[in-house]
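Undergrad: Sequence order for the protein chains is P and U.
Heads up, the first sequence is in our numbering, so the first residue is 67 and it goes up one at a time.
Heads up, the second sequence is in our numbering, so the first residue is 67 and it goes up one at a time.
If you are wondering where the hints come from, they were derived from the structure by calculation, not from laboratory data.
Possibly wrong hints are sitting among the right ones.
Which copy is meant is left open, because identical chains are indistinguishable; a pair holds if it fits in one copy or across any two.
[Claimed, not checked] List of simulated lysine-lysine pairs, BS3-like, C-alpha gap at most 27 Å:
(1) LYS190 with LYS163
(2) LYS190 with LYS357
(3) LYS398 with LYS357
(4) LYS190 with LYS398
If you're wondering where the values come from, they're calculated on a predicted model, not measured in any experiment.
Protein chains: 2
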Amino acid sequence: MHLNAIIRQRARGGGIITLGHHEAAGENTDAAFEDAHIYVHFKAVYTLALKQGLGKGNCRHICGAQKLFHRNDLRARARLVEPLREGVMGLDHASMKPHERLAQRFEGKLGAVNALIRARMASKHAPRIPEVTAHLVEAGGKRLRPMLTLAAADLCGYVGDHDEKLAATVEFIHTATLLHDDVVDESAQRRGRATANLLWDNKSSVLVGDYLFSRSFQLMVETGSLRVLDILANASATIAEGEVLQLTAARDLATTEAIYLQVVRGKTAALFSAATEVGGVIACAPEDHVKALFDFGDALGIAFQIVDDLLDFEGDSATTGKNVGDDFRERKLTLPIIKAVAAADAEERAFWSRTIEKGRQEEGDLEHAIALLHRHGALDATRTDAIAWTDKAKAAIAQLPEHPVRDMLSDLSDYVVARLT
Amino acid sequence: MHLNAIIRQRARGGGIITLGHHEAAGENTDAAFEDAHIYVHFKAVYTLALKQGLGKGNCRHICGAQKLFHRNDLRARARLVEPLREGVMGLDHASMKPHERLAQRFEGKLGAVNALIRARMASKHAPRIPEVTAHLVEAGGKRLRPMLTLAAADLCGYVGDHDEKLAATVEFIHTATLLHDDVVDESAQRRGRATANLLWDNKSSVLVGDYLFSRSFQLMVETGSLRVLDILANASATIAEGEVLQLTAARDLATTEAIYLQVVRGKTAALFSAATEVGGVIACAPEDHVKALFDFGDALGIAFQIVDDLLDFEGDSATTGKNVGDDFRERKLTLPIIKAVAAADAEERAFWSRTIEKGRQEEGDLEHAIALLHRHGALDATRTDAIAWTDKAKAAIAQLPEHPVRDMLSDLSDYVVARLT
């Protein structure tokens with residue numbers, strides 16, 4: 067294997083391993099990486115442990131790598147020699163995904179968050195509320211957003227339980243927007259289950275969504291921090307504005323990448339960045355750390371949404387819970403299509419106009435759409451964008467002091483893009 | 067005329083006139099009251115002006131009465147001798163309704179509130195937002211809720227502009243719930259105009275509603291008062307809970323008056339009471355005054371909604387903007403129907419079950435429903451309830467120190483019921 071592993075010592079007995087490969091991405095190098103986590107295991111256990119003079123009992127704190135993938139050099143706009151992976155995890159976590167490691171670290175806190183969510187979604191007077199909410203809240207979401215708040219607070223040394231309240235707040239806002247989105251999109255499925263608007267009705271989805279918004283509002287008021295309230299109020303406005311913008315821009319071929327970014331900031335990134343920022347704020351972190359946490363959440367959210375757009379054309383419905391082509395059938399002008407439209411000739415433009423703007427889709431249109439995306443390299447270009455945002459996320463989080471959670475969040479950024487491979 | 071008028075001196079050169087009639091309500095006494103405002107005018111101008119030694123130029127500050135009506139003694143559960151009217155207004159206001167007098171007093175502040183509303187409903191990125199909002203915000207609503215906040219703050223001696231922010235907040239919350247209500251009710255008309263969900267679509271109504279909620283949230287955060295935020299967060303939760311409760315209770319004949327009250331507190335009274343309470347809070351009023359303002363808003367809101375229910379059967383669509391029987395056709399179990407159902411025999415119960423629960427309405431059903439309401443005195447009993455809540459509102463506001471605005475609010479309570487006559 068042609069791997070270079072650089073092991074750096076970290077605080078609290080952990081370490082960071084940077085893996086590099088001095089050949090461009092290709093079939094052979096892909097194969098070389100296949101079992102790289104074993105190599106990293108090996109190297110970490112023996113090199114690091116020896117360096118530190120630690121026994122095997124400390125191996126929990128030694129870094130491994132979980133999943134390795136190639137990366138393009140975006141600054142040079144070429145597939146170049148690059149460090150491919152920077153990761154950290156306990157060795158017994160070698161097979162765990164970053165969000166699973168975060169979930170393990172915050173197991174106790176997440177339990178408290180879940181208890182809080184259940185307690186606050188209850189309604190003495192309107193049993194329909196917990197019915198609808200439970201359907202969604204307990205549908206097996208990853209609790210990614212609440213985990214970001216817990217992680218940001220922990221990373222900044224927070225001690226207390228306001229992080230739990232804010233984590234529940236963020237999940238309530240997320241659930242409320244999902245309920246309203248399903249009404250707006252007229253969706254029938256979410257996370258592989260029938261949506262609430264289908265099981266109950268649009269009315270319940272609208273009103274229970276409103277209820278969860280108001281509950282989230284009550285929870286954040288309990289933290290007593292006006293700054294937290296300001297951040298979440300602004301995030302709420304950005305979310306709602308992005309949703310309305312999407313409504314008018316979604317099927318308009320004139321939509322630019324700049325407008326797309328605005329929509330994505332609204333529908334995804336605003337809540338991610340608020341989730342991480344409030345974690346820093348309640349921990350009274352220095353301003354530059356709070357700013358870095360915001361930037362991390364913002365970039366992570368954008369990368370997350372771009373990857374989601376890609377998965378619509380490339381994903382495996384078994385793992386994503388989405389069917390390939392759902393966005394296309396719903397006539398959503400996602401980033402790959404925006405790129406393809408920008409490069410389209412007259413005939414292709416007519417195709418996009420018919421399928422997206424006018425919504426007159428026929429048998430075979432999805433296949434033709436995918437072929438057009440490939441013809442103009444739109445999927446690769448979109449992936450490049452996703453990786454660029456992942457890099458921004460990692461650069462932001464790297465500004466925070468060394469901490470195991472910092473590295474988990476950095477890994478999480480990589481994992482967002484790794485979903486594509 | 068058998069009227070007794072008691073004139074009490076008030077601060078700022080005004081006065082209160084209490085009119086009483088020592089005979090039970092009946093045709094003759096009704097007639098006696100018909101031109102009572104002329105009598106009050108006369109008495110006020112000459113008695114009060116003489117007492118005060120004021121010239122005619124001060125008549126603006128002399129009280130008159132606008133509309134007089136009978137009232138039952140509810141404590142004794144009998145139609146008894148009662149003071150019939152307590153009113154205050156400038157003489158040049160004799161023909162103005164209480165909310166018009168409030169609007170005149172707060173003309174400047176209301177202008178600032180309207181400017182704030184227009185500024186905050188703008189969206190740089192999503193022009194759909196101000197389109198939808200303007201349709202509703204500028205549809206000629208009375209701005210009753212914002213006026214309650216301005217009045218409460220003024221009454222408690224507030225100086226500053228947070229009252230304007232909170233007035234806009236309250237109007238935004240109100241507008242957002244109207245947008246969502248229209249989706250839930252599948253309404254086609256509101257205030258005599260086509261609803262936003264009809265002009266645009268349900269999606270726009272849901273998302274623009276969310277946007278206004280988040281804007282209201284930003285505005286209230288700007289006041290920097292955690293207590294205000296707490297009050298409005300709790301009100302929001304009560305509103306949403308009431309709406310969901312209504313969804314499940316609206317067509318269920320088992321719905322009791324207690325459940326009805328819960329729904330009404332949610333859909334109307336919670337925002338009224340929050341509007342008045344926050345006015346007292348920003349003015350740093352003593353706790354018992356804040357409590358009295360809450361109680362006033364709560365009772366006023368409940369009276370307002372009960373009257374609204376009655377107007378559905380008794381109203382004049384030219385003045386109410388509602389068609390008679392709209393609620394019945396929408397199968398809403400309003401208070402008169404709840405009372406009639408409680409007194410129904412088997413055949414009548416079957417009628418309510420068919421028309422409300424099952425929604426199988428036929429030609430002539432509305433007329434039969436109204437006949438049933440009359441048969442059981444349901445409309446009179448509902449009116450008695452409305453008056454009882456009006457009395458509670460007036461008793462609450464009477465706990466505040468003398469002030470022209472206090473009397474306008476007291477008049478406003480009467481006017482709510484006076485809409486029925």
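Undergrad: With identical chains treated as interchangeable, where does the CA-CA distance between LYS190 and LYS398 reach 27 Å or less: within a copy, between copies, both, or neither?
TA: between (40 Å within a copy, 22 Å between copies)
Undergrad: How would you classify LYS190 and LYS163 at a CA-CA limit of 27 Å: within, between, both, or neither?
TA: Cα proximity of LYS190 and LYS163: none, with 39 Å in one copy and 40 Å across.
Undergrad: Using 27 Å as the alpha-carbon threshold, which applies to LYS398 and LYS357: within, between, both, or neither?
TA: Classified as neither; 32 Å inside a copy, 51 Å across copies.
Undergrad: Since the copies are identical, ignore which copy is meant and state whether LYS190 and LYS357 lie within 27 Å (CA to CA) inside a copy, between copies, both or neither.
TA: between (40 Å within a copy, 24 Å between copies)
Checked against the numbered hints above, the structure breaks hints 1 and 3 and satisfies the rest.
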